[in-house]
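Please construct the entire structure, taking both the sequences and the accompanying hints into account.
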Amino acid sequence: MKIIHRSSLRYIFKHKLQFGLSILGIAIGVAIIAAIDIANISTSKAFNLSLNSVTGKATHRIISTSGSIPDSVYSFLRIQKGLKDIAPVVEDNITIGDSTKKSFVLLGVDVFAEKPFRDYTSSSGSDNKNGFKEFLTAKNTIVLSAENAKLLKKSIGDTINASIRGIKKKVVLSGIINNYGNPSQLENLIISDIATAQELTGKRGTIDVIDIIINENLKEDYVKNILPAGLELQRSSSRSDIAEQMLSAFNVNLNALSMLALIVGVFLIYNTMTFSVVQRKKILGIYRSLGVTENEIYRLIISEVLLIGFIGTVLGFLLAILISKNLLVLISRTINDLYFIVSVTEIEVTPFIVLKTLIVGIAASLLSALKPAREASQSKPGISIVRSNQESKILGNIYKLSVYGIISGLLGAAILMLPSKNVWLSYVGVLPVIIGFALMSPLVIKVSDKILTPLSGKLFGIAGRISSRSIIQNISRTNTAIFSLSIAVAATVGVGTMISSFRETVVTWLENGLKADIYVSAPSLISNSNDPIIPYYIRDSIINMKEVRNINYYSEFKLFQDGKLINILASGFTDPSSKDFRLQGNDDEKVISKFQNGEVLVTEPYAYKNNIKAGNVIQLKTDEGYKDFKVAGIYYDYSSDKGFVSIEYSVFKKYWKSNGLSGIAVYLKNDKDAETVRNKISSFAGSDVELIIRSNKFLRESSIQIFDRTFIVAKVLQLLSVVVAFIGILSSLMSLQLERNKEMGILRAVGFLPSQLFKISTLQSILMGLISGLLSLPLGALLAYILVFIINKRSFGWTMQLSLEPRVLVEAMVLAIVAAVLAGIYPGYEISKISPSAALREE
Amino acid sequence: MIKLENVSKGYSEGKVLHTILSGVNLNINKGEIVILYGKSGSGKSTLLNLLAGIDLPDEGSIFFEDVNITALSEKERTLFRRKRIGFIFQFFNLIPTLTVSENLKLPLELNSMPFKKADEILGEVGLLDRINAYPDVLSGGEQQRVAIARALIHNPDFILADEPTGNLDFDTSKQIIDLIDRIVKQQGKTMIMATHSKDVMGLADRVLTLKDDKFIEMN
Ligand SMILES: Nc1ncnc2c1ncn2[C@@H]1O[C@H](COP(=O)(O)OP(=O)(O)O)[C@@H](O)[C@H]1O
Ligand SMILES: [Mg+2]
Numbered sequence: 001m002k003i004i005h006r007s008s009l010r011y012i013f014k015h016k017l018q019f020g021l022s023i024l025g026i027a028i029g030v031a032i033i034a035a036i037d038i039a040n041i042s043t044s045k046a047f048n049l050s051l052n053s054v055t056g057k058a059t060h061r062i063i064s065t066s067g068s069i070p071d072s073v074y075s076f077l078r079i080q081k082g083l084k085d086i087a088p089v090v091e092d093n094i095t096i097g098d099s100t101k102k103s104f105v106l107l108g109v110d111v112f113a114e115k116p117f118r119d120y121t122s123s124s125g126s127d128n129k130n131g132f133k134e135f136l137t138a139k140n141t142i143v144l145s146a147e148n149a150k151l152l153k154k155s156i157g158d159t160i161n162a163s164i165r166g167i168k169k170k171v172v173l174s175g176i177i178n179n180y181g182n183p184s185q186l187e188n189l190i191i192s193d194i195a196t197a198q199e200l201t202g203k204r205g206t207i208d209v210i211d212i213i214i215n216e217n218l219k220e221d222y223v224k225n226i227l228p229a230g231l232e233l234q235r236s237s238s239r240s241d242i243a244e245q246m247l248s249a250f251n252v253n254l255n256a257l258s259m260l261a262l263i264v265g266v267f268l269i270y271n272t273m274t275f276s277v278v279q280r281k282k283i284l285g286i287y288r289s290l291g292v293t294e295n296e297i298y299r300l301i302i303s304e305v306l307l308i309g310f311i312g313t314v315l316g317f318l319l320a321i322l323i324s325k326n327l328l329v330l331i332s333r334t335i336n337d338l339y340f341i342v343s344v345t346e347i348e349v350t351p352f353i354v355l356k357t358l359i360v361g362i363a364a365s366l367l368s369a370l371k372p373a374r375e376a377s378q379s380k381p382g383i384s385i386v387r388s389n390q391e392s393k394i395l396g397n398i399y400k401l402s403v404y405g406i407i408s409g410l411l412g413a414a415i416l417m418l419p420s421k422n423v424w425l426s427y428v429g430v431l432p433v434i435i436g437f438a439l440m441s442p443l444v445i446k447v448s449d450k451i452l453t454p455l456s457g458k459l460f461g462i463a464g465r466i467s468s469r470s471i472i473q474n475i476s477r478t479n480t481a482i483f484s485l486s487i488a489v490a491a492t493v494g495v496g497t498m499i500s501s502f503r504e505t506v507v508t509w510l511e512n513g514l515k516a517d518i519y520v521s522a523p524s525l526i527s528n529s530n531d532p533i534i535p536y537y538i539r540d541s542i543i544n545m546k547e548v549r550n551i552n553y554y555s556e557f558k559l560f561q562d563g564k565l566i567n568i569l570a571s572g573f574t575d576p577s578s579k580d581f582r583l584q585g586n587d588d589e590k591v592i593s594k595f596q597n598g599e600v601l602v603t604e605p606y607a608y609k610n611n612i613k614a615g616n617v618i619q620l621k622t623d624e625g626y627k628d629f630k631v632a633g634i635y636y637d638y639s640s641d642k643g644f645v646s647i648e649y650s651v652f653k654k655y656w657k658s659n660g661l662s663g664i665a666v667y668l669k670n671d672k673d674a675e676t677v678r679n680k681i682s683s684f685a686g687s688d689v690e691l692i693i694r695s696n697k698f699l700r701e702s703s704i705q706i707f708d709r710t711f712i713v714a715k716v717l718q719l720l721s722v723v724v725a726f727i728g729i730l731s732s733l734m735s736l737q738l739e740r741n742k743e744m745g746i747l748r749a750v751g752f753l754p755s756q757l758f759k760i761s762t763l764q765s766i767l768m769g770l771i772s773g774l775l776s777l778p779l780g781a782l783l784a785y786i787l788v789f790i791i792n793k794r795s796f797g798w799t800m801q802l803s804l805e806p807r808v809l810v811e812a813m814v815l816a817i818v819a820a821v822l823a824g825i826y827p828g829y830e831i832s833k834i835s836p837s838a839a840l841r842e843e
Numbered sequence: 001m002i003k004l005e006n007v008s009k010g011y012s013e014g015k016v017l018h019t020i021l022s023g024v025n026l027n028i029n030k031g032e033i034v035i036l037y038g039k040s041g042s043g044k045s046t047l048l049n050l051l052a053g054i055d056l057p058d059e060g061s062i063f064f065e066d067v068n069i070t071a072l073s074e075k076e077r078t079l080f081r082r083k084r085i086g087f088i089f090q091f092f093n094l095i096p097t098l099t100v101s102e103n104l105k106l107p108l109e110l111n112s113m114p115f116k117k118a119d120e121i122l123g124e125v126g127l128l129d130r131i132n133a134y135p136d137v138l139s140g141g142e143q144q145r146v147a148i149a150r151a152l153i154h155n156p157d158f159i160l161a162d163e164p165t166g167n168l169d170f171d172t173s174k175q176i177i178d179l180i181d182r183i184v185k186q187q188g189k190t191m192i193m194a195t196h197s198k199d200v201m202g203l204a205d206r207v208l209t210l211k212d213d214k215f216i217e218m219n
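Quick mapping for you: the protein sequence lines, in order, are chains A and B. Once you know that position 396 of the first sequence is 396 in this note's numbering, the rest is easy, because the numbers rise by one and skip nothing. Once you know that position 219 of the second sequence is 219 in this note's numbering, the rest is easy, because the numbers rise by one and skip nothing.
Some hints here could point you the wrong way.
[Said to hold, decoys possible] Selected chain B positions facing chain A (in silico; Cβ < 8 angstroms): (1) K3; (2) L56; (3) L72; (4) K75; (5) L79; (6) R82; (7) N93; (8) E102; (9) K105.
What the hints contain is simulated information worked out from the structure, not anything from laboratory work. Predicted, not measured: the structure shown is a model, and the values here were computed from it. Ideal placement from N, C-alpha and C gives every residue a C-beta, glycine not left out.
Here it is as structure tokens:
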């Protein structure tokens, strides 16, 4: 090792705490980014794995626009058209287990057609104890992976309770798959014979999917041509494409939010490096006088930062692996709440994540060191007035910096106002806004000094003046500390306001939209999505109840159309006055009557993503081929960003086959008791149909609960960036304390008590917190505005009301001051311990 | 031999230009020991910094033998200094995070020279027993002896010393001057030393002092 590097290392070791905090800051920032990446990739990997085990080697699948394919189509293709590599599949969600329950995908297969498709269904690919033979002889038999059998504590021959499409059944475990490739591939899967699956799911005579292998011998066009009407040939991969599309906005926002802490971390390293350079100006000057070149000094500082950045990044990565398990639980729960079912237990660390984390961590460290390294390289021997030089440089440039700040802010505004729907672009626009504020902060500090110094002088005498003055006298140091704290606090204000605005909007929407007394829905594994599985007779019995005034009912279903997924909501009501759409615009009556006459309504997210306006026409693939539908209007829907096309129920029935209802909203006559009606409904549903019957209040509460759950991750990330900012201000105050040793020593020498020095230092922390808080309020409000009206709109298409609560602002102020004061305790204690003689002896 | 041609240097304080040196012409011969004498703030360090190539004159040229250092790039000047010049300061300026021996090895490393000279020269300045100590435990006189060793270790042709005794008591100063006298003279180096005290004059071949922003011969 070179001697100057050895000297650097010793310097770093001598200031362990300082550099340690920097490393910690980078580590936390990096950990969050990597943990989010790990969680996202693990989720998508798990989803794709389970999808792959369902898909097997099928390149394509034949599906029906209305959801089910008659058995006869399969035999038509196989026997009449002579297609060999095809296999029928019934696929549905099932929950099984007695004491321990777990949700699975039930895959009903024809063992004889399976061979080319899924190797685990044949004994060549796994050791399955011949469970598949039992399929043909015994009723309701299933096969599980060995891991799942163990989890459910079941062995071959056991009978297990099952619940499928709301109906309770019993199944028999006839086989266990051992030693099959990657066990997590079968983690979500139950396999049964296709006839059993049809029986269990109530799909007698129909299948869901026909898997098919398209290759040189069997061309895509040929298959398309021989398919009966209402069927579509789809690439197998389009399912994961659709899943990815659904999650893209969710993931972008998660990724952007995960960078917050690292941005604060960059300020932290910048601060530490600037401090270490200023402190070593003399050493660096000696190097220069001995003939070390500017470049060599530049590289020396950069190599120090690389070391710190590298250690921080590696630590951060290890930390990421630790926290990603917990994060995974939160994120996959939200995906299960809002989008689709995925069960993830294994965290997945890919080389891509390792590489990306390394690059991000080290690049962030390098970025923060560029300026200090340049300053270091310009050190000159013999100039001892550097610090005050630096202070006067900032003070002299306050107005220039402020003008740059305004320009940067305007640049950000311009980027944000670009007519684009790109979410990343809006985050790119936020950056210059933040930088603009950073450049304005010296001005704010100067103005604050004008007010605070006389004020705190009046309140606390000389000690008060010293506390306040030294903020501006050490502005090169205090500025970054104040500013990084204020970004973190502003982010808290912004994200907090965004969440509360969103919540407020949803609550109002629920209040206006949920007016029925009782809601009946089918059990579903995804909270905001219900399969249409409630038999029609239930609706008819409810209408006929004497307590019931009128009802709304709906079926939700997925239309696969040209590789895209369109969510259809068929909605019927017995009385238009009880319609529960919150429409845009003012002529509800007219829109509803158009809707009843065959036009459709679309949700706001759908309209935003597809550029649809009232009066436009959309094409939907019905059982009779493509049909045009005019859009009568757009309605607000905050339950999901998937986007829905809503069709009047009788119109829907004309074009599509349907199996049942997803939900029924029941309006009672005035004096009727909800609880009694509830019991009645559940009694005529019988014991083998599982229905969820919820009161208005309960449904509203559980919707809000899901909402709150969705934002836990955001809140955690935001809190962590405050932690990094806290470390930042702690580190700055420690640097300040080290630099002010001499000044404080003089104060001790002229008679100040240790407790007075502690007071000076604490008062200074309070003032810095106060300035940070003041600075964070406008920035926070601005961030809230951008998040609510630009980023949220572009991500999900929702219109929300901004609700900036005074409480949030007060909390921000308190947070800034408390963080600063807590961070000031240790440096203050160190200051109070200063021995005057030692401090004065130091050259 | 060092030659200054019409060298001027000033500092601007706000809008006022403060002239320190103007039209200085000097010739310093090889092996000569020249003392710059003058009160504090007169411009001695300014001149030494110009000679070391740490600062550039506003006007004029400085030649070391055939090399015009004022015409060199910043990097070339640094490399010239690294190889040809040894610097001794008033405040010793040892690197606090390096041991005595590492401080000495630094110029050797910069010039890619073998380290073995370090012990030898420490013996010469009488500090072999402090070889692994850090500078902060050494007395002022000891620190300055290490600094002298560091200035000479890579065998430069020119030694620049800026008030090397300015921070030392009388007896210690005397020791340091003896040391410089012994080593520098013995090795035949060219040395320029700034001082504001008369005690060290005996060392000099020539003494220059500042008058009207010019250095002139004192007698
Ligand atoms: N970097 C600088 N900027 C402004 N003035 C300087 C600078 N360096 C030296 N001076 C001024 O130049 C004059 C000469 O300084 P210097 O050469 O250090 O004197 P000496 O070494 O003789 O005590 C002094 O008035 C000093 O204030
Ligand atoms: Mg001087």
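Quick check on the hint: L72 of chain B CB to chain A CB, less than 8 angstroms? violated (12 angstroms)
With a cut-off of 8 angstroms on the beta carbons, see whether E102 of chain B makes it to chain A. OK, holds: E102 of chain B within 8 angstroms of chain A, min 5 angstroms.
Answer holds if the nearest beta-carbon of chain A is closer than 8 angstroms to that of R82 of chain B; otherwise answer violated. Holds, about 2 angstroms.
Going by Cβ atoms only, is L79 of chain B closer than 8 angstroms to chain A? Holds. Min distance 7 angstroms.
Identify whether the interface hint at K75 of chain B stands, where standing means a beta carbon of chain A within less than 8 angstroms of its own. holds (5 angstroms)
Does the closest beta carbon of chain A sit nearer than 8 angstroms to the beta carbon of N93 of chain B? holds (5 angstroms)
Would the hint on L56 of chain B stand, with a C-beta cut-off of 8 angstroms toward chain A? Violated, about 12 angstroms.
Taking the closest Cβ pair, is K3 of chain B under 8 angstroms from chain A? violated (22 angstroms)
Measuring from the C-beta of K105 of chain B to each C-beta in chain A, is the shortest one below 8 angstroms? holds (6 angstroms)
The earlier numbered hints that this structure contradicts are 1, 2, 3.
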